[in-house]
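Residue numbers (our numbering), protein chains in the order written: chain E, 1 to 332; chain A, 333 to 664; chain P, 665 to 867; chain D, 868 to 1070.
Hints in this document: simulated from the structure, not taken from any laboratory.
No experiment lies behind these values; they were computed from the predicted model shown.
Hints may contain errors.
Listed below are the simulated DSS-like cross-link pairs for lysine-lysine, each with C-alpha atoms no more than 27 Å apart in a straight line [claimed, not checked]: (1) P/K786 with E/K180; (2) E/K202 with A/K560; (3) E/K147 with P/K844; (4) E/K180 with E/K45; (5) D/K989 with A/K479; (6) A/K474 with D/K989; (7) A/K534 with E/K2; (8) E/K168 with E/K45; (9) D/K963 with D/K937; (10) P/K806 with E/K142; (11) E/K2 with E/K147.
A partial selection of chain D residues facing chain A, derived with a Cβ cut-off under 8 Å [claimed, not checked]: (12) V880; (13) Q883; (14) D905; (15) S945; (16) S946; (17) G1039; (18) F1044.
For every residue, glycine included, the Cβ atom is placed at its ideal position computed from N, Cα and C.
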Amino acid sequence: MKKILNAPSAYVDEMLEGFTAAHPEYYRQPEPRVIARAGGATAGKVGIVTGGGSGHLPIFTGYVGPGFLDACAIGDVFASPSAEQMASAIRQADGGAGVLRLYGNYGGDVMNFDMAGEMVDMENDIATTTVLLADDVVSAPKAEAAKRRGVAGMVYAFKIAGAAAETKADLAEVTRVAQKAADACRSIGMALSPCVVPQAGKPTFTLGEDEMEMGMGIHGEPGIWRDKLKPADAITDEMVDRLVDDLPLERGARVSVLVNSLGATPLEELYIMYRRVKARFDGMGVSIVMPLVGRYATSMEMTGATLTMIALDDELERHLRAPAACAYWQVA
Amino acid sequence: MKKILNAPSAYVDEMLEGFTAAHPEYYRQPEPRVIARAGGATAGKVGIVTGGGSGHLPIFTGYVGPGFLDACAIGDVFASPSAEQMASAIRQADGGAGVLRLYGNYGGDVMNFDMAGEMVDMENDIATTTVLLADDVVSAPKAEAAKRRGVAGMVYAFKIAGAAAETKADLAEVTRVAQKAADACRSIGMALSPCVVPQAGKPTFTLGEDEMEMGMGIHGEPGIWRDKLKPADAITDEMVDRLVDDLPLERGARVSVLVNSLGATPLEELYIMYRRVKARFDGMGVSIVMPLVGRYATSMEMTGATLTMIALDDELERHLRAPAACAYWQVA
Amino acid sequence: MAADSFDTAALGVALQRVAQGAEAAAAELNAADGALGDGDLGITVSRGFAEAAAAALPEDVGLALLECAKAFQRVSSSSYGTLVATGFMAAAKLAKGRSAVPADEVAALVAAARDAMMARGKGALGDKTVLDSLDRVVEGLKGAAPERMQEAAVAAARDTLVAFKGQPCRLGRARMFAEKSAALDDPGQLAFLRILESLAAGS
Amino acid sequence: MAADSFDTAALGVALQRVAQGAEAAAAELNAADGALGDGDLGITVSRGFAEAAAAALPEDVGLALLECAKAFQRVSSSSYGTLVATGFMAAAKLAKGRSAVPADEVAALVAAARDAMMARGKGALGDKTVLDSLDRVVEGLKGAAPERMQEAAVAAARDTLVAFKGQPCRLGRARMFAEKSAALDDPGQLAFLRILESLAAGS
Ligand SMILES: Nc1ncnc2c1ncn2[C@@H]1O[C@H](COP(=O)(O)OP(=O)(O)O)[C@@H](O)[C@H]1O
Ligand SMILES: Nc1ncnc2c1ncn2[C@@H]1O[C@H](COP(=O)(O)OP(=O)(O)O)[C@@H](O)[C@H]1O
Ligand SMILES: [Mg+2]
Ligand SMILES: [Mg+2]
Ligand SMILES: [Mg+2]
Ligand SMILES: [Mg+2]
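Isolated chain E, as found in the complex (with noise of 0.2 Å):
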């Protein structure tokens, strides 16, 4: 939990410096805290807006890109973006086809973006719907799943989301394409050691030597259980059960899953999780398509992994597969 920095208050405008001297090829800073696509706004295309703390990379600013999204507000670590900065984006995103907010469902960033979403319409006269994501099943239950936080089923999300856009489908048509990928998310993360916010300098929680956390969310929410570290594969049983609880699947049924750390659980552990996956979907007779294995929506340096699975159908399929490029995610 040591980190490398300058100033605690530099942290994130230093890490966007440094983001987009990296990918000039896809990223670009317009105005601080707000990355567009290197290539501009699309004309004729429905942008897609994402925005939310820092401390999540590459979620959100990653997925900026062709095939994703077309820009993204940057607030501090785990903070919300401004909802001026927010409008900035929006306006960047704008290629005159109006402008999908796609971000997770956290209080601060909803009244952020809906007041962002208030500031152009009245100041650019740009049309704008909003998917909210939120998909942890643990943090409200099935009955209030309207105010569950969002997690890692973003980036399925954007995948989707972007690849509707870029067949110049309207404002309508894209925003019910995400929200029908929104809505065929479920993830669920469990946590074994936290992160350190670089301004507050201490760590997000605290969890004994030997303990997890059970369905913990990305800032250290609390879960459903603490106990002693239990073995992979009974981990992955507990979260591949809550999560097909939450939206059952049939026999033949398709899905695509994400294995995904939060930042210091390593690839190796993620495999193992992931061979306990195959394993549980194969006994349900349920197939895998395209499985991310990997950090796409990370908490810094925090130990843990989540589970994100997504139900497909042929049109959902379509987009996933769909070709996307961005710095962490390429789809040919």
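Could you slot chains A, P and D with the ligands onto chain E? The hints should help.
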């Protein structure tokens, strides 16, 4: 430093099972601990094999794929594969044009790969050559550069040698290019916290709560100094200085650089470092081609980073930019 | 605000006082927020009022209140900052075009802020948030004589904390900690009390 | 090996003894290696001899020694395992085709192992490794009567440790820790002593 696993003794085999299940389009495990390209060896192409201990993903086996390597032998965490496994990997890589053994300069690996070469020479009449990566400038003085250990520079050597082999150049030529790439690489690492080898069950080294070690190796081998954690720019400056001291660059030179996390250090912090790397090379009048920022060669959940630079000429740059694909790096 | 009406000058003085009070309360509010959320509430409130107090305020009270809204938006995008900005904006709309607002309209301004903040945050009364404080302050201000208004507001904000003791937070990050949040004050309600206290203390 | 020659049966008995001794010394050797390297030397040596002791050995002493080499290669790919396998292989070549090897040829077998291991590991005498132990054992065995050979070998291995006290390791992982390694025994030399001791102890 907490790990998600079942039995420590099953760590590597379960990892490989998940790895091939997740990426069947790239990898196949024809026999235990040997990974080969999904499509098998390419007739008439020089094969390239590597091998080494587990715990460094994507290194080693992740770089098997078109434009990269042909096969890899996989050892236990931080331990050499056996000569027999290496010999199998060589056989898998053989397309009738000979096989280059391209791997890191670690005593155990070298002895076993030499033995493996003798085996396939006697048993299978496969001609082999060797290029050792020895890019870690801290691990021995320049006068004893052949004793240096190989670290993240391997990634460049894999890419460049792989591209040379794809041109159907002969074994001597591919070996020449690989050696040239290896000779052009310089790396240095720094560590902030250790990782845990599953079968040992305890940290590889200890560092005080706010200490860092400059120059530390990827298994915790000792570095140059151990002191209070410094600001990112100071760390980066020392790393850049050590590399260009060892391999001076002229104004107008071209390099590629890899800012690599050892595992836990998040992308955010690599970008903060890259920002400084870029400023420093800009200041030297040296241009950066295809920078890499991310987790390319890790030590499981170790915290820390490595910086690699490779001096490019037209030939090396052409091979670096040639198309290649594996699950972790795609060049189109 | 002890006068029959308030103008931009009075608003400026009030902002100075609250900025001071918020500064003093910042650590307490950070800690309260840290127990249930991300621990930034003290920063949000103190930076927001400092920025507003430093702003040049136009004579039009509505435009002056708009400056306050913008100040909060500039320095904080945490929930409370966004909500306070939203509240100032709503009050600004009502006050726009006037160089003074009569004391007996203050309750209406606070009510407008409350309603806009409910719309923005999709919150309901009873969720144990700053909305409940605003609602009770509106009631407390109704019919209060100008010289009793500050006192009434502080009392209402204090009563809110008492009333919600033992109830869980049902909105925001604190919602995740039902049990713990029931035992603790809602940080946003506490912040509102400290704001009103510092306003009253200075006068 | 107190006889004038040794055959596969004698080799089998020797392997049993060393397997037992290595098992007993495993923790000590892991610790010694852990101080300078990766701490696996005890595992390497104990697993290797256990595997060799469990192997079915052909009557041809050369082929029997080859089985020992293969056993080491199967269970360990750490440096020491690979080197011991290399050494057994070299001795196997010399003994091949014979059902007994005269005692006065043992020094030559060890010398062949030493030379092959030097070639494999690109090490030199004086680097403070197991090579130095082998070299001194070869010298110690030369001209020793059959019944004194075990004793001579143990003495030579022990002398090696004494001789290198204070000198830094110049090969393998331990090379990285010049200062520390000078103060400590080379783990590989220590392992070789324990192997010979267990051989001698049982007879
Ligand atoms: N949606 C909401 N509606 C009304 N009040 C809210 C809402 N969300 C949070 N609050 C209030 O804001 C306080 C927390 O503010 P703040 O620390 O800025 O939130 P965060 O840091 O979680 O974005 C809460 O105690 C509560 O009073
Ligand atoms: N290249 C070499 N040549 C000769 N002996 C060596 C060589 N490398 C290591 N050794 C010996 O092996 C011992 C370490 O063995 P081992 O623990 O198996 O090594 P590692 O785990 O580092 O591969 C050293 O103490 C030394 O005696
Ligand atoms: Mg807060
Ligand atoms: Mg906040
Ligand atoms: Mg060892
Ligand atoms: Mg070893």
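Consistency of the hints with the structure:
For the hint pairing P/K786 with E/K180, the CA-to-CA distance comes to about 23 Å; that is within 27 Å, so the pair holds. A distance of roughly 17 Å separates the Cα atoms of E/K202 and A/K560; the hinted pair therefore holds under the 27 Å criterion. A threshold of 27 Å between alpha carbons decides the hint, and for E/K147 with P/K844 the separation of about 19 Å falls inside it, so the pair holds. For the given pair, E/K180 sits about 19 Å from E/K45 by alpha-carbon distance, which is consistent with the 27 Å threshold.
For a cut-off of 27 Å, the pair hint linking D/K989 to A/K479 stands: about 11 Å separates their Cα positions. With a C-alpha separation of about 20 Å, the suggested pairing of A/K474 with D/K989 holds against the 27 Å cut-off. Of the pairs offered as hints, the one joining A/K534 and E/K2 holds, with about 19 Å between alpha carbons and a cut-off of 27 Å not exceeded. For the hint pairing E/K168 with E/K45, the CA-to-CA distance comes to about 5 Å; that is within 27 Å, so the pair holds.
Of the supplied pair hints, the one linking D/K963 and D/K937 holds, its CA atoms being roughly 15 Å apart against a limit of 27 Å. A threshold of 27 Å between alpha carbons decides the hint, and for P/K806 with E/K142 the separation of about 42 Å lies outside it, so the pair is violated. Proximity of E/K2 to E/K147 is assessed by CA-CA distance (about 34 Å); at most 27 Å being required, the pair is judged violated. Interface restraint check: D/V880 against chain A, minimum CB-CB distance 28 Å, threshold 8 Å, status violated.
For D/Q883, the interface hint is violated, the least distance from its beta-carbon to any beta-carbon of chain A being 25 Å, above 8 Å. Using the Cβ-Cβ criterion of 8 Å, the hint placing D/D905 at the interface with chain A is satisfied: the shortest such distance is roughly 6 Å. A least Cβ separation of about 6 Å between D/S945 and chain A falls short of the 8 Å threshold, and the interface hint therefore holds. Given the 8 Å rule on beta carbons, the hint for D/S946 holds: about 5 Å separates it from the nearest Cβ of chain A.
The beta carbon of D/G1039 is positioned within 8 Å of a beta carbon in chain A (closest approach about 5 Å), and the interface hint is therefore held. A distance limit of 8 Å between C-beta atoms decides the matter here; for D/F1044 the minimum to chain A is near 7 Å, and the interface restraint holds.
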